[in-house]
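Residue numbers (my numbering), protein chains in the order written: chain A, 21 to 164; chain B, -5 to 151.
Incorrect hints may have been included.
Covered stretches of chain B, going by a simulated chain A footprint (3 or more residues, C-beta under 8 Å) [said to hold, decoys possible]: (1) 21 to 28; (2) 43 to 53; (3) 78 to 90.
Note that these hints are calculated values from the structure, not bench results. All C-beta atoms in this analysis are idealised placements derived from N, C-alpha and C, irrespective of residue type, glycine included.
Chain by chain, the residues run as shown.
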Amino acid sequence: MTVNKLYFENVKEGDEMPRFEVKSLTRTDIVKYAGASGDFNPIHHDQTFAEAARYPTVFAHGMLNAGFVSKCLTDYVGRPSLKRFKVRFTSQVWPGDTITCGGKVTKKYQAEGENRIEGELFAKNQKGETVIQGSFVAALPSRQ
Amino acid sequence: MDDQQAKDPRIGRSGQPTHMPIELGKIREFARAIKDNNPIYFDESYAKREAGGVMPPPTFTMTQAFWDEPASRIDHGLDMRRVLHGEQEFEYLRPIHAGDTLTAKARISNVEKRPGKRGGEMTLVTLETEYKNQRGEVCLYARSTIIETAKAVEKKD
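Okay, chain B solo, but in the shape it has when bound (with noise of 0.2 Å):
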């Protein structure tokens, strides 16, 4: 990383907190839209017998969109309509069930500028995200990384 990148003044900004319960009927719908019938996700006694109780896919705090305020976003100064999701990665380190409530927090973790494959130059944030369960333990970090794509180069004559 050089020095321009480690002064982006983006990194480290961060939104207030997001409470999130997390709920049967939601798990239920973002399932079946990722095609999921995975048990785990609809038989409460299954569930309860092979992990403690109903969990959340994967993905699930992607829905955490509905709980947001607008004081939970982060202003990354991006131009979203050249934005594209780049990678997004997740790290469990408990497991959540139905039931929790989590608190999600969300910081600028990275900025990063590299040049675009048609010019210009393209820049990449990456937004972490950890979320707490009721009891204050850290269950999962979430890290989305989004591009900002290049302008196009305007042709000099």
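Bound conformation, chain A alone (with noise of 0.2 Å):
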């Protein structure tokens, strides 16, 4: 992958990251994720007791979600520009779902002696419903 340099000088109010796009969510990108963070609460791959909790089936971990918001994010402002973010979980993402995740920028000034943006960030399923609202604030370089 090629990664493109966000500088202050090149970014206004308004404008939109590209987005990033997850195709089909699958039980084993679930699993990998529970490995991966250690979080094996069995509601997130284990049918039997997601049933037994009224689950139509097991669903992603809200911070699965959350990782591929910081994904589109970091590649827009780059993973050392990141200064905050913050996700809240407004619905469930299911096995099958196509997740798209964006964001735009709504503040750029300078504060503390850094080029800093502050922005909004989503990720929807495919139809249309949010599954997480979020926020940010960077610290861009500068071409100066």
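Bring the two chains, given one by one in their own frames, into a single complex with the hints.
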């Protein structure tokens, strides 16, 4: 993958970041995240347990979806530039769902000697339902 | 915040510190799980040039579960069968690199009660974890809000 570097001079308020899409999330994707994160709550991988808890099937960890949003965000601002990342979980993501992540810059300013941008983030499923609402702050490098 | 909330005895409760080495292999595993192929997680020479070394993804400290001992966990008194993850926030103060060892200390920073959507009362507990590196510098705050949903209101005949 090639990495584009985002400079403060090249951003304006209202700019949208390139979207990141996860097509048809699988149970294997969910299990991989369970193993990577250490979150083995059975609601995320055990069909019998999920049904007993009255869910139709297992669903993704909120933090897996947050990870997809973070990927979209850091592809845009650059990992070292990130200062704050916040997510709110609004709906579950089920196996087979297609998740689209995106966001936009809402504010560009200088503070404490840094070139900062702030913005909104989202993840939506294939029906257009929001599964994550988020926000971020980043301190960008300058060309000067 | 009203008096009742200010007095919630759970606020300020803390756990024993957890020591968490930041490992290259774990970073790769975690980055793959979130489908993130950024070379800052995979290519050591690229990462060194761009960021002083391989960095963990923004949500990587979720892997702390592998390092926690029972004494690091805090009793929040919630019914885990009704608990959902509501919000998660990360504040990055200093860079973290593979090879660092973080010390995590968690405390309950807030407890709030709100009316449930279908009656009853829900409880929101915010856990704040402070991460210091091996030089004692604070690198990161993670704030996790978990929600205990309201018990279904029982019908009285």
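Checked hints:
no.	hint	in the structure
1	21 to 28	holds (count 5)
2	43 to 53	holds (count 6)
3	78 to 90	holds (count 10)
Of the numbered hints listed earlier, not one is contradicted by the structure.
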